[in-house]
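Peer 1: For reference, the chains in residue letters:
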Amino acid sequence: MNMMKVARRMLLAFSLAAQTNGATAAPTAYQLQVDGLACPFCAYGLEKKLGAINGVASLATNVKDGTVTVTMRDGVALDEASARKAVEQAGFSLRSFDAMQSAPQAGGRQ
Amino acid sequence: MDRKTLRKIVRRGLAAAAVLVAAGWLAFVPSAKEPPYTFITAWGGEGSAPGLFDDPTGIAIAGDEVFVSDARNGRIQVFDLDGRFKRQFGSPGAGPGQLGRPMNLAIRDGELYVAEYFNDRIQVFGLDGQSRRLIGKAGNGPGEFSAPGGVAPDGGLFVADFYNQRIQQLGADGRFERQWGTPGRVGIRAGEFNYPTDVALGPDGALHVADGYNDRIQVFDRNGIFRRKWGGPFAMNVFGPFKGWFATVTGVAVDWHGNVFAADFYNHRIQKFSPEGAFLTSFGTPGSGPGQFDHAIAVAVAGDDTVFAVDFGNDRIEKWRPVGVASRVSFKAGQ
Chain A
1 MNMMKVARRM LLAFSLAAQT NGATAAPTAY QLQVDGLACP FCAYGLEKKL GAINGVASLA
61 TNVKDGTVTV TMRDGVALDE ASARKAVEQA GFSLRSFDAM QSAPQAGGRQ
Chain B
1 MDRKTLRKIV RRGLAAAAVL VAAGWLAFVP SAKEPPYTFI TAWGGEGSAP GLFDDPTGIA
61 IAGDEVFVSD ARNGRIQVFD LDGRFKRQFG SPGAGPGQLG RPMNLAIRDG ELYVAEYFND
121 RIQVFGLDGQ SRRLIGKAGN GPGEFSAPGG VAPDGGLFVA DFYNQRIQQL GADGRFERQW
181 GTPGRVGIRA GEFNYPTDVA LGPDGALHVA DGYNDRIQVF DRNGIFRRKW GGPFAMNVFG
241 PFKGWFATVT GVAVDWHGNV FAADFYNHRI QKFSPEGAFL TSFGTPGSGP GQFDHAIAVA
301 VAGDDTVFAV DFGNDRIEKW RPVGVASRVS FKAGQ
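Chains as they are written, first to last, in the working numbering: chain A, 1 to 110; chain B, 1 to 335.
If you are wondering where the hints come from, they were derived from the structure by calculation, not from laboratory data. You may find that some hints are simply not true.
[What the hints assert, rightly or not] Computed list of lysine-lysine pairs in DSSO-like fashion (alpha-carbon distance at most 30 Å, straight line):
(1) A:Lys85 to A:Lys49
(2) A:Lys85 to B:Lys137
(3) B:Lys137 to A:Lys49
(4) A:Lys64 to B:Lys33
(5) B:Lys243 to B:Lys33
No experiment lies behind these values; they were computed from the predicted model shown.
Produce the complete structure using the sequences and hints provided.
Peer 2: What follows is the structure in structure tokens.
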């Protein structure tokens, strides 16, 4: 085995490792800021639409802050376009969409 | 233009504005015709143990029992008329006997009708908690629902189909009969809806609709003909804190006299109207003390005129009586 081959294989191994780490390090939770969440008819409607997105593991709504924390199953990412569509279907506008590096331990009403 | 003339114009303008405000007030803000109700007691508190709630959203009375939707706990809790816990049934889920965000309730002929917001169906229980039948499924076609918020049985049933912006009438077998409103289309004219949240039938069979985000009540006679609407100027989606106005109606109930009670969510109060829609009185102020609400979401009236109201944000039920007939006043904090 010559040196070039060894170098190429090492590069490939590094690349695969980086991809794998990238998958497991994907954000598992996202915080959505939405206006007008005090009414449960609204909050439940939003939870219902977001909960129908593939890969969503759980939702926590904080009606006082107007935020929804969406926790995804391991390795599944939530894209902003899907979140925005669900929010709009529920009759709201998405004010902000932020990825969190780890799922929240507590908070909000499940 | 000199200063004198300018002052004259300003004075006349202010006078005209004052006359307009006074005329608007007289025209659109009615005075109370009855005294407010007296607060009797409250029970509940946040939690999942028996007697506690995690988002109470609906209420109905049968005899000497009070049934309450405990939405996030996925159950119905039953109390006596003084708030003592009797039993509970249901668990979160979508199977028969399970509940997905139960909302406004109704009782007729010994059966409890539950509007299930997450499961897009009406579930009918015996008062003992046995699930008897499921009506409807998800969709926007005839007999289908998108987040039903309330139900009114009359042999058949009427359903407030929240996200479909319509009221549906179904036969006793659950088959579609007719609808008011157009699926998916919000409207502010008579017979149109903006996220209807609840329905109730009067003693004459008139259908009363809590037209949630139009901030009004609409009434249709038993033949389905529009009769009247009220809530703010011209009852056309103008919200406000004044008497007779609403800031999102989330529940409606009609007593045996035909008087109409509405849960005025963002105004933290219950309002009472005559059968013709004239404002009679209101009760409740914002807060968490006795006689206060943190968003009043649902209301029911017992046969002796006692009113039970759901205090959503404080996770409790409040009991009120008309003035002069209250028997006792108490407050069970934290129960």
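Peer 1: Does the structure keep Lys85 of chain A and Lys49 of chain A at a Cα separation of 30 Å or less?
Peer 2: 9 Å, holds
Peer 1: Could you grab the alpha-carbon distance between Lys137 of chain B and Lys49 of chain A and see if it respects the 30 Å cut-off?
Peer 2: Judged against 30 Å, a Cα distance of about 16 Å means the pair holds.
Peer 1: Against the 30 Å threshold, does the CA-CA distance of Lys243 of chain B and Lys33 of chain B hold or violate the hint?
Peer 2: Answer holds: Lys243 of chain B to Lys33 of chain B is near 11 Å, not above 30 Å.
Peer 1: Is it true that the CA of Lys85 of chain A sits at most 30 Å from the CA of Lys137 of chain B?
Peer 2: 23 Å, holds
Peer 1: Does Lys33 of chain B sit within 30 Å of Lys64 of chain A, going by the straight-line distance between their CA atoms?
Peer 2: 36 Å, violated
The earlier numbered hint that this structure contradicts is number 4, and it is the only one.
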